[in-house]
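Engineer: My request is simple: use the sequences and hints to build the entire structure.
Residue numbering for the sequence shown follows the numbering used here, starting at 5 and increasing by one per position.
Derived by calculation from the structure, the hints in this document are not laboratory data. Since this is a predicted model, take the numbers as computed values, not measurements. One or more hints might be untrue.
What the hints assert, rightly or not - For each label pair, taking beta carbons as the anchor points, the in silico distance ranges come out as:
1. L39 to R19: 16 to 26 Å
2. Q59 to R19: 14 to 24 Å
3. E27 to D52: 35 to 45 Å
4. E12 to D45: 18 to 28 Å
5. D52 to D26: 13 to 23 Å
6. E38 to A7: 18 to 28 Å
Don't be surprised by glycine CBs; every beta carbon is placed ideally from N, CA and C.
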Amino acid sequence: MRAQALEEAAEEARRLAKAWRDEADGNHSSHHSELRRTWADAAEKVADAIAALGQRRGSS
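Structural biologist: Have a look at this one:
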């Protein structure tokens, strides 16, 4: 059950990262685009950390 929740959380973080990256690409304000890219990068790092935690739990 926890592994499933971790997988879903990682998927959601990746979905947010993609959405923010898409918004950054379509935004005309360089400040807002850079902010969205920063959020996207952070969401990718969160997704990677969640996935790693899930793998560690699965191998225990």
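Engineer: Now tell me, hint by hint, if it's right for this structure.
Structural biologist: Hint-by-hint comparison with the structure:
For the pair L39 and R19, the supplied restraint of 16 to 26 Å holds, since their beta-carbon distance comes to about 18 Å. Look at Q59 against R19: about 20 Å separates their beta carbons, and that is inside 14 to 24 Å. Distance hint check for E27 and D52: the Cβ-Cβ separation is about 21 Å, which falls outside the suggested range of 35 to 45 Å. At roughly 21 Å, the beta carbons of E12 and D45 sit within the given window of 18 to 28 Å.
The given range of 13 to 23 Å is respected by D52 and D26, whose C-beta atoms sit roughly 20 Å from each other. E38 and A7 have their C-beta atoms about 35 Å apart, which leaves the hinted 18 to 28 Å range violated.
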